[in-house]
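Participant: Let the hints inform the model, and build the full structure from the sequences given.
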Amino acid sequence: MNDKRILLVCRIAPYGNSLARESLETALAAGAMGAKITLLFLDEGIWQLVGQHKPETIGHKNHAAMLSALPLYDIEQVLVDQDSVDKRNIGSAELSEIAELIDGHRVKEIFADHDVVLSF
Amino acid sequence: MNDKRILLVCRIAPYGNSLARESLETALAAGAMGAKITLLFLDEGIWQLVGQHKPETIGHKNHAAMLSALPLYDIEQVLVDQDSVDKRNIGSAELSEIAELIDGHRVKEIFADHDVVLSF
Amino acid sequence: MILHTVNKSPYSSQCLSDCLNRVSAGDKVILIEDGVYGATIATDALPSLHSFIQRLLASQVGFYTLRPDAEARGLEAISEQSAFKLLSDHEFVDLVVEANKVLNWY
Amino acid sequence: MILHTVNKSPYSSQCLSDCLNRVSAGDKVILIEDGVYGATIATDALPSLHSFIQRLLASQVGFYTLRPDAEARGLEAISEQSAFKLLSDHEFVDLVVEANKVLNWY
Amino acid sequence: MGHQLICDLRLLTSMKFTIVILGAPYTDEAAESAFRFTQAALEKNHQIYRLFFYHDGVHNASSLITLPQDEIQPAQRWANLIAQYDLEAIVCIASSLRRGLLNETEAKRFSKPASNLTPGFKLAGLGDLVDAAQQSDRLITFGPTS
Amino acid sequence: MGHQLICDLRLLTSMKFTIVILGAPYTDEAAESAFRFTQAALEKNHQIYRLFFYHDGVHNASSLITLPQDEIQPAQRWANLIAQYDLEAIVCIASSLRRGLLNETEAKRFSKPASNLTPGFKLAGLGDLVDAAQQSDRLITFGPTS
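Chain order of the listed sequences is H, U, R, D, V and B.
For the first sequence, position 24 (counting from the first letter as 1) is numbered 24 according to the working numbering, and the numbering increases by one without interruption.
Convert by adding 1000 to the 1-based position in the second sequence; the result is the number in the working numbering.
Convert by adding 2000 to the 1-based position in the third sequence; the result is the number in the working numbering.
Convert by adding 3000 to the 1-based position in the fourth sequence; the result is the number in the working numbering.
Convert by adding 4000 to the 1-based position in the fifth sequence; the result is the number in the working numbering.
Convert by adding 5000 to the 1-based position in the sixth sequence; the result is the number in the working numbering.
Hints in this document: simulated from the structure, not taken from any laboratory.
Treat the hints with care, as some may be off.
[Said to hold, decoys possible] Which chain B residues stay away from chain V? Per the calculated CB distances, all over 10 Å, these: (1) K5016; (2) L5042; (3) D5056; (4) D5070; (5) I5082; (6) L5087; (7) E5088; (8) A5107; (9) P5113; (10) G5125; (11) D5128; (12) Q5135.
[Claimed, not checked] List time: in silico DSS-like cross-link candidates among lysine-lysine, alpha-carbon distance up to 30 Å: (13) V:K4122 with B:K5112; (14) U:K1061 with B:K5112; (15) V:K4112 with V:K4122; (16) H:K87 with R:K2101; (17) V:K4122 with R:K2101; (18) D:K3101 with U:K1108; (19) U:K1004 with D:K3101; (20) V:K4016 with H:K108; (21) D:K3085 with B:K5122; (22) B:K5122 with V:K4108; (23) B:K5044 with D:K3101; (24) H:K61 with B:K5044; (25) B:K5044 with B:K5122; (26) V:K4122 with H:K4; (27) V:K4112 with H:K61; (28) R:K2101 with H:K4; (29) B:K5016 with D:K3101; (30) U:K1061 with U:K1036; (31) D:K3101 with B:K5122.
Computed from a predicted structure; not experimentally measured.
Glycine included, every Cβ here is placed at the ideal spot set by N, Cα and C.
Facilitator: Here it is, written out as structure tokens:
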């Protein structure tokens, strides 16, 4: 049962609400435990991957810095939904390279391929 | 200064979040103090006026019952935005009679006519 | 089969349409909490969502509303006339058991 | 003049368009918190909101974003190129003073 | 015999659920929805592997919430269900500290003057959420309504 | 003389603000936005007629919130500002009781084992919000972000 593939879906923009940070903390905890986990940035979650954040202006920790820790934690896959990126008129050049772009068809496959989903 | 006309804008649907209830409690407090207050239901707030609520199914107090206390508290005007009602395909027959329907033009006039706005 | 829950009103939030864009044939969608306002979608209100739901119904996507949440808001009559079947809390649990997994949209 | 604040992203919430539907000529709109994502509205993303804002600009509605919130999210460059003028916290206070009243959309 | 058969069939489909609760009581309907779902699952003879209170959901465990006597006391209602069915109710410790919810150990550790975690709830780390995702047959999240 | 003139002009436009805070710290950016706005208004020599913490905003006053030492302690930060400028910071009593935020009087009244309201904040009723709307030159609400 420990082989279950966990999908963590992040649909929350950073800084406005702490859920974005809490979703990443969950991902890091899963990575630290050696769980098989995929991270998928969807909808507003893609803002976590856009731009040079300067959150000290609003008294926050840098979200991008937390993201950069992901590879250290053996997260299997980090994915971002192309449709969500296109809808917001963001070029892939502006996106953090930490995540792999996938199309809408692949998003549905990712849903199907995992055993359990943590939704944020 | 005590003559200031207060507009209380309610844009929140009942039950999902306590803000809808808290906006009404603010209106009742204003009424009890004899403040000059207008209540305007806008956007999702109009759901407060629709249908026969049975909130005991989800362990809540009845919102409509709170609304019916408004006339006892000398609230000057209780208004509801026609555009918000139309957008949701609700006939005026289904609306609580406690509120007077006004059009979008009048909504802007109401904004202009009041000295201070409490937004919920 | 994936069971999707949606808890926000389509009149204030993109949540329902974000969900429907990722639903596959055979999946099920249940509206809960403020999500039950979605059961009011008719031809005139939110027409594009309405026709989207019609197309999904044709590809065997199931639509449900949680009865206690609909009743609390006085929407059970509207829901009965809609494509959204009313379910009790117990039937909601059955649907979760029947599904392979649950995806929560909020 | 009424100052309107909007704190939600137009990609997830109807908040901005609910606000713009009730703005009068001469009013001002400031995007704060997650509202600053609204500064990315261009011809291709959310075209109807974009043209709505163009029309409102023509009737002397002023558009602003709160700089610290835009900077936190890495959006100050996008905001600078948009119709939304960046304001500091102090300038935000000045705008509130200048307005007759404030209406907060959230 | 008939009764025996029904019981066996039920057991065959009895599943282990984990319920993730992200909303505070009163403010948000998520807490109420999660409670009703948990109760309904138990009434259908399913097992609750774990209740996991995260984000603002940690306020469900507050012993200081004070409501009129005719209203449901959220923490006590959970505590009763937890005791009745011997459930494991984990409150994320990181979320709790950040929201002012402490047990006696944490209150002492951080020299805070009081603790406010209702007995029956246990503070623990996010590992317990990941473990629950791995070990449960079904996981459902009740997200914020607002 | 030049300096005097500047001061006088400032005084002419000095306004009485009321700030309404509806979001909890950490969870919601509203608390941070409200704090920055309050600070900026004070720096521009405006007066704060009242801070009114309502809905989840009441958590701003919690004395039990525990953050890493390098992070800003929200209640203490408010308390410092309140002390420095002698501000009136009202926490809605009805919202507070329902969210588990009590001062010593309320804790005793309801036989609760602890209180958790940070000194500097005062529990009071919604009348103080209505009064603030009547008495202030400007009122601004920082609503929940989520």
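Participant: Take the C-alpha atoms of V:K4122 and R:K2101, compute the straight-line distance between them, and say whether it is at most 30 Å.
Facilitator: The hint holds at about 27 Å.
Participant: Non-interface claim for B:A5107: all C-beta distances to chain V beyond 10 Å?
Facilitator: 8 Å, violated
Participant: Taking 10 Å as the cut and beta carbons as the points, is B:G5125 off the interface with chain V?
Facilitator: 15 Å, holds
Participant: So if I understand the rule, the pair passes when the alpha-carbon distance is 30 Å or less; does V:K4016 with H:K108 pass?
Facilitator: Between V:K4016 and H:K108 the Cα gap is close to 26 Å, so the pair holds against 30 Å.
Participant: Beyond 10 Å on every Cβ pair: is that true for B:Q5135 relative to chain V?
Facilitator: 28 Å, holds
Participant: Checking a non-interface call: every C-beta of chain V should be farther than 10 Å from the C-beta of B:L5087. Is that right?
Facilitator: 22 Å, holds
Participant: Regarding the pair B:K5044 and D:K3101, is the alpha-carbon distance no greater than 30 Å?
Facilitator: 18 Å, holds
Participant: Is it true that the CA of B:K5044 sits at most 30 Å from the CA of B:K5122?
Facilitator: 25 Å, holds
Participant: Far enough from chain V: is every CB of that chain over 10 Å from the CB of B:D5128?
Facilitator: 20 Å, holds
Participant: Under the criterion that the straight-line Cα-Cα distance not exceed 30 Å, is the pair V:K4112, V:K4122 satisfied?
Facilitator: The hint holds at about 18 Å.
Participant: Verify the proposed pairing of V:K4122 with B:K5112, using a straight-line Cα cut of 30 Å.
Facilitator: Within the cut-off at roughly 20 Å; holds.
Participant: Holds or violated: U:K1004 with D:K3101, Cα cutoff 30 Å?
Facilitator: Holds - the C-alpha atoms of D:K3101 and U:K1004 are around 12 Å apart, at most 30 Å.
In summary, the numbered hints that this structure violates are 3, 8, 9 and 21.
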